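**Q** Now for the letters of each chain:
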Amino acid sequence: MSDVKKKPAFSFFQSNGEELIVPYSDNGLNATFSGLFSDVAIEWIDLSPLLMPRPSSTFFCRVNGDSMKDERLQDGDIVIVDKSLPLQDGKKVIVWIAQENGWTVKRLSMKDGLIWLIPANENLKPYLATADDIYWGIVTWILHKE
Amino acid sequence: MMYALVDINGAFVSMEYVFRPGDRNKPGIVLSNGDGCIIAANKIAKNLPGFQMYAPAFQMEEVLKQHKVLRFSPNFELYVDMSRRFISELNHFTDRVEMYSIDEAFLDLDIKDVDLTAYGHTIRKAIQQNLDLPVGIGIAASKALCKVASKIAKKFIDRTGGVYAIDTEEKRVKALKWLPIKDVWGIGNAHANRLINMGIKNAYQFTELPDSWVLKNMTVVGMRLKQELQGISCLDINQTFEPKKEIGTAKAFGTLLTDYELIKEAACNYIDYCAGKLRRQHSVASAIKIHLETNSFRTQDEQYYNGTVVTLPVASSDTNFLMKHAQQGLDRIFKQGLKYKRVGVSLIGLFPDNCVQQNLFVNLNPKHTDVQKVIDKLNMKYEQGTVRSASCGYNKQHWESKLEMRSPRYTTRLNEILNIGSDVLQLRHQSS
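Residue numbers (my numbering), protein chains in the order written: chain A, 1 to 146; chain B, 1 to 432.
Read the hints as simulated data drawn from the structure, not as lab findings. What you are looking at is a predicted structure, and each value in this text was computed from that prediction instead of being measured. For every residue, glycine included, the Cβ atom is placed at its ideal position computed from N, Cα and C. Hints are supplied without guarantee of correctness; some may be wrong.
[To be verified] If the Cβ cut is set under 7 Å, some of the chain A residues that face chain B in the computed set are:
{"id": "1", "residue": "Cys61"}
{"id": "2", "residue": "Arg62"}
{"id": "3", "residue": "Asn101"}
{"id": "4", "residue": "Gly102"}
{"id": "5", "residue": "Val105"}
{"id": "6", "residue": "Ser109"}
{"id": "7", "residue": "Trp116"}
[Said to hold, decoys possible] List time: in silico SDA-like cross-link candidates among lysine to any residue, alpha-carbon distance up to 25 Å:
{"id": "8", "chain 1": "A", "residue 1": "Lys83", "chain 2": "B", "residue 2": "Arg409"}
{"id": "9", "chain 1": "B", "residue 1": "Lys151", "chain 2": "B", "residue 2": "Ser88"}
{"id": "10", "chain 1": "B", "residue 1": "Lys125", "chain 2": "A", "residue 2": "Asp82"}
[Said to hold, decoys possible] Covered by chain A, per the in silico footprint, the following chain B stretches (three or more residues, Cβ under 8 Å):
{"id": "11", "segment": "170-182"}
{"id": "12", "segment": "415-421"}
Based on the sequences and whatever the hints tell you, model everything.
**A** Pasting the structure below:
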């Protein structure tokens, strides 16, 4: 059957003296098995466009610790960060804390020109950001493995 | 038509610092694998007294120590990915982007009624915000003038803010009078010395030379350069004057290939070609980029595009050595049963090949060349670098112990992504 070339759409050929009927295809496609289904896109769901609409400025980070546990961000979760997004009140942000020489993720709160980093853990207090702290990016997704 | 040259300041070090923002204002260098030559540095490091690019780090031990210079092993996988992101960011502004090297790109600014300097600042701000990479931008009517503009943008950053456009005749003349002849893009040492002897000290004087002289003494290439500096664009996107900081080739196969051996053969041929070019410009490469792709127009075929970076254990220009490592890269990305249209290879992290031998054989007797021939033979027989890395081996321990590990491949390996210790503030809060 694979010898059947394009068009005619309906064709016969000799094989061991028997007559074979080749499946009909309206647009003259090669009537092989794959040809029959060629107009059916076999796809899977690709999450990338949803998780990173802007790949060139998107980064992945892993979060350690439970300072944000009451806001759905657990120890070991992966967060997606889009650096192209500007600082935004109420969002979780990745910040480099100059004095501690390390990273943190907290909720941003802007009040009276001051920038607070708010934890989500009853044991911790908000931190008042200094001019030396470096805002790195905004968290757009939390990937949590159940 | 106007062009822009966008280049990343201190590219490799700046790329490292994206993930260590606390170090942004510190001097940093990247050392080659194997022999520890300085292959990249940021401006702060370059400005240190006694600092010499491409020299072995151990020669500058005191300077590096005194100024607490951060040292990195090369992380080409990170650099290539950040470079790809850099080009994508530029593609948000125009699709006419030519990647000139891993850290430089020319843009075709086919826009009207726009303040080009302001537009340049918009691009610069976007790259800074979205990638944390500092760039300089030179805008002008030709590529050669873009190079000049970019030099001005960086040199006088306090006044230019990193962006400079040569958009009037007055600015063009002023810029060319400022630029020493030896710093003109594409004018080699020999030509520069000759011109200086003739009293031609700056780029402007060069453009005033008669066409006939330039044509006769500097061929059509020199003539093109002269015209470019006069603001007449002779080089389209994808044409340049100087050897690139990256040597690559990627040609489509005559027919679609599925056989691994044939694809490997093609890749090895390209490596051979690139290695030849590399040796002619007296450089060595630190890493190889390789990619493989199917024909995206054949929608009936399964589609595939993948690339990888192989970092060499020691920088080299040896064909066999490069082939061996290119093959490792190919093995990583080759998928059985697909119809491939193209394989591409590219040699990156290039630097002059004489930095180690130079200090080893300097002041040696005229037999020097014989010694090198023996080394070349040995290298041919075994591996490039066999002899070289041993040659500086006795000094190795001086710097090796202080060499920081290669940084994580933050953007290409899931198990190496940036770690956010969300508890960095915890102690502080509890104790306060």
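**Q** Hint by hint, note whether the structure agrees.
**A** So, going through the hints one by one against the coordinates:
For the restraint placing cysteine 61 of chain A at the interface with chain B, the shortest Cβ-Cβ distance is roughly 4 Å, inside the 7 Å limit, so the hint holds. Given hint, arginine 62 of chain A at the interface with chain B, holds; its Cβ is 5 Å from that chain's nearest Cβ, closer than 7 Å. Below 7 Å, beta-carbon pairs count as interface contacts, and asparagine 101 of chain A has one with chain B at about 6 Å; its hint therefore holds. The criterion of a C-beta within 7 Å of any C-beta in chain B is met by glycine 102 of chain A, whose closest approach is roughly 4 Å, and the hint holds.
Checking valine 105 of chain A against chain B by beta carbon gives a least distance of about 5 Å; that is within 7 Å, so the hint holds. Residue-level restraint check for serine 109 of chain A is violated (minimum Cβ-Cβ distance to chain B is 14 Å; threshold 7 Å). For tryptophan 116 of chain A, the interface hint is violated, the least distance from its beta-carbon to any beta-carbon of chain B being 12 Å, above 7 Å. This hinted pair checks out: lysine 83 of chain A and arginine 409 of chain B have alpha carbons roughly 18 Å apart, not beyond 25 Å.
Pair hint lysine 151 of chain B plus serine 88 of chain B holds up; C-alpha atoms about 24 Å apart against a cutoff of 25 Å. Among the hinted pairs, lysine 125 of chain B with aspartate 82 of chain A is consistent with the structure: their alpha-carbon atoms are about 16 Å apart, no more than 25 Å. Beta-carbon proximity to chain A at under 8 Å applies to 0 residues in the segment 170-182 of chain B; the threshold of 3 is not reached and the given coverage is violated. Residues of the segment 415-421 of chain B lying with their CB closer than 8 Å to a CB of chain A number 5, which satisfies the three-residue condition for coverage.
Hint violations for this structure: numbers 6, 7 and 11, all remaining hints satisfied.
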